[in-house]
Amino acid sequence: MPIKTEICPSLYQDSVVLMRIASEIRSRPGIHEAAAFMGTPSNHALLEEVGLGTEESLKAGPNDVILTVKSETEAAAEAALAAARASLSARRSTAAADSEVSPRTLDSALRAMPDTNLAAISVPGAYAKFEAMRALRRNLNVFLFSDNVSVEDEIELKQEALSRGLLCMGPDCGTAYLNGKGLGFFNVVPRGRVGCVAASGTGLQALASYVAALGEGISHGIGVGGRDLSAELGGAMTVFALEALAADPATEAVVLVSKPPHREVMARIEATLAKIGKPTVVCCLGAPANLGGHALWVRSLDQAAQAIVAFLRDRQWAPRTFSDPVAARARFNRMRQHGPETGPGILGLYTGGTLAHEARLLLEPLVGRVAFNGHRCEGKEPHRIIDLGDDAYTVGRPHPMIAPETRSEFIRDAGRSAEVGVLLLDLVLGRGAHRNPARPLADAVRDAGAAAESAGRRQIAIASVVGTATDPQGLDRQVAQLVDAGVLVFPSNAEAARFAAMVVNPELAKRLLEDDTR
Amino acid sequence: MKPVAVFDDALRVINIGLEFFAEDLRAQEVDVIHLDWRPPTGGDQRLASILADLDDDA
Numbered sequence: 002m003p004i005k006t007e008i009c010p011s012l013y014q015d016s017v018v019l020m021r022i023a024s025e026i027r028s029r030p031g032i033h034e035a036a037a038f039m040g041t042p043s044n045h046a047l048l049e050e051v052g053l054g055t056e057e058s059l060k061a062g063p064n065d066v067i068l069t070v071k072s073e074t075e076a077a078a079e080a081a082l083a084a085a086r087a088s089l090s091a092r093r094s095t096a097a098a099d100s101e102v103s104p105r106t107l108d109s110a111l112r113a114m115p116d117t118n119l120a121a122i123s124v125p126g127a128y129a130k131f132e133a134m135r136a137l138r139r140n141l142n143v144f145l146f147s148d149n150v151s152v153e154d155e156i157e158l159k160q161e162a163l164s165r166g167l168l169c170m171g172p173d174c175g176t177a178y179l180n181g182k183g184l185g186f187f188n189v190v191p192r193g194r195v196g197c198v199a200a201s202g203t204g205l206q207a208l209a210s211y212v213a214a215l216g217e218g219i220s221h222g223i224g225v226g227g228r229d230l231s232a233e234l235g236g237a238m239t240v241f242a243l244e245a246l247a248a249d250p251a252t253e254a255v256v257l258v259s260k261p262p263h264r265e266v267m268a269r270i271e272a273t274l275a276k277i278g279k280p281t282v283v284c285c286l287g288a289p290a291n292l293g294g295h296a297l298w299v300r301s302l303d304q305a306a307q308a309i310v311a312f313l314r315d316r317q318w319a320p321r322t323f324s325d326p327v328a329a330r331a332r333f334n335r336m337r338q339h340g341p342e343t344g345p346g347i348l349g350l351y352t353g354g355t356l357a358h359e360a361r362l363l364l365e366p367l368v369g370r371v372a373f374n375g376h377r378c379e380g381k382e383p384h385r386i387i388d389l390g391d392d393a394y395t396v397g398r399p400h401p402m403i404a405p406e407t408r409s410e411f412i413r414d415a416g417r418s419a420e421v422g423v424l425l426l427d428l429v430l431g432r433g434a435h436r437n438p439a440r441p442l443a444d445a446v447r448d449a450g451a452a453a454e455s456a457g458r459r460q461i462a463i464a465s466v467v468g469t470a471t472d473p474q475g476l477d478r479q480v481a482q483l484v485d486a487g488v489l490v491f492p493s494n495a496e497a498a499r500f501a502a503m504v505v506n507p508e509l510a511k512r513l514l515e516d517d518t519r
Numbered sequence: 003m004k005p006v007a008v009f010d011d012a013l014r015v016i017n018i019g020l021e022f023f024a025e026d027l028r029a030q031e032v033d034v035i036h037l038d039w040r041p042p043t044g045g046d047q048r049l050a051s052i053l054a055d056l057d058d059d060a
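Which chain is which? The protein sequence lines are A and B, in order. Residue numbers for the first sequence follow the numbering used here, beginning at 2 and rising by one. Residue numbers for the second sequence follow the numbering used here, beginning at 3 and rising by one.
What the hints contain is simulated information worked out from the structure, not anything from laboratory work. Be aware that a few hints might be false.
Said to hold, decoys possible - Looking from chain A toward chain B, a few residues come up when the C-beta cut is under 8 Å (computed):
{"no.": "1", "residue": "Tyr128"}
{"no.": "2", "residue": "Gly218"}
{"no.": "3", "residue": "His221"}
{"no.": "4", "residue": "Gly433"}
Said to hold, decoys possible - Label pairs and their computed distance ranges (CB to CB):
{"no.": "5", "chain 1": "B", "residue 1": "Leu53", "chain 2": "A", "residue 2": "Asp444", "range": "19 to 25 Å"}
{"no.": "6", "chain 1": "A", "residue 1": "Thr74", "chain 2": "B", "residue 2": "Leu53", "range": "22 to 28 Å"}
{"no.": "7", "chain 1": "B", "residue 1": "Arg28", "chain 2": "A", "residue 2": "Leu12", "range": "21 to 27 Å"}
{"no.": "8", "chain 1": "B", "residue 1": "Arg28", "chain 2": "A", "residue 2": "Pro326", "range": "42 to 48 Å"}
{"no.": "9", "chain 1": "A", "residue 1": "Trp318", "chain 2": "B", "residue 2": "Leu53", "range": "49 to 55 Å"}
Glycine included, every Cβ here is placed at the ideal spot set by N, Cα and C.
Start from the sequences, fold in the hints, and give me the full structure.
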């Protein structure tokens, strides 16, 4: 199938804009594949890898846009490229019209808005440190979404930030809330009394959404990036953020969501928790539950939300396996009565890394070893969790929260597998995410179910949704589409994971459906 | 304990990178300037890295 390439010279567009253009032209009739990238060395390598590199594309430099299509006919290719050029032109003329308010440099932007207090930075990783350091040196707090920043650079950035009393949220920070405003990919939640420090990706999104569902809100959600509690980073930004929430009058209770701190860092974190002086809950996924001391340590994100809200309302709280055990039992019994047993394996297909991690941690004590991503464990584990947002699955593709197609492919493949009895899924709503992600997910689940059924097999899809009624997608509307496709939707990822365990191992039901603490 | 100043003030943001971040801030009535950002040094990453080091020493 012929590949046609066009280069638009000296035109910079961000990666999301280009991926949206590529998506639009890919869906045109007669188009088999399409790509839109800046001509950087890594993008050239990527095009080669996916078989879309051409002699023409190699001529593009890092400031040129490469448009490439693989199509059945020349005519289809021409039409597609013309459409892509038109999209790019439209953006250019809008930008030109706005050029009075779109400065080219940080310093000219600061002249236009001298009381700027934050730089939100999401440039490619190679430039991230440069831009972030410049912003910090002009006394701006930084929200740093970019990843592929080295540990050494992260250490320097955070030291600079801390020496000036500034936040450096990231690198690799996907979500943050400041003064009730969301940054990056975020769910629309009320402003309220719960302050959160998070590594932050879907962990903070889930916590904020669960807190909102319980009728409370978020004062600030400070992301510190995934490496802050490592030995090299030492947790300094986490400590700074916790202290800031402790001193903030609008914050009445504090939640820390993260991976377990390195043991050398743990003492520092505990010392900080001891001085907060407000109710504090810690959810370090993978750390042993450590009840007592100055904070309550919980095992899952939904427990963190429940516990912090209980503290705020002066109520007792104890962990439960299901928030509504009666309903869970009814669902379980109904499921057991209808149809054959399912295949032996759980396949978790996740768009949120923290949620994938949480599911794995909850499943392993219940069902045994769970393989993760592409890694093979010893023996043939029936259970696997895949974090489709991981770098391994997003080379050259948009993140699955923006573009559901990758996961849909995996789901349809699973429908053809006798081994997969349960699909365990997350659905993340909010600003930045796909406009209606439930629809392609529901369609894929239906197709997988039909394939399984026609082979005389049974496959059950179980999901939870991270989102709120005020998100652009609307929580209820998303849940309804999933329910319509036969998906069993639970109020949290932890409950969904537990139910999945019960489906493949029904003997667990006796233990899990008793309303006891687990 | 030093409070973080940005907690007390309205958020005023300069956005450098993905344009939809600026759009989402504007939708929340946050004052935001979206920078018309290009990779410095014409996209040459090695040169950018040298530039960053020079900036450090400035």
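Results of checking the hints against the structure:
1. Tyr128: holds, 6 Å
2. Gly218: violated, 14 Å
3. His221: Check passed: Cβ of histidine 221 (chain A) comes within 6 Å of chain B, closer than 8 Å.
4. Gly433: holds, 7 Å
5. B:Leu53 / A:Asp444: 19 to 25 Å: Because 48 Å falls outside the window, the suggested range is violated.
6. A:Thr74 / B:Leu53: 22 to 28 Å: Violated: the Cβ-Cβ distance is about 46 Å, outside 22 to 28 Å.
7. B:Arg28 / A:Leu12: 21 to 27 Å: Holds, at about 24 Å.
8. B:Arg28 / A:Pro326: 42 to 48 Å: holds, 45 Å
9. A:Trp318 / B:Leu53: 49 to 55 Å: holds, 53 Å
Hint compliance for this structure: hints 2, 5, 6 are not met, and every other hint is.
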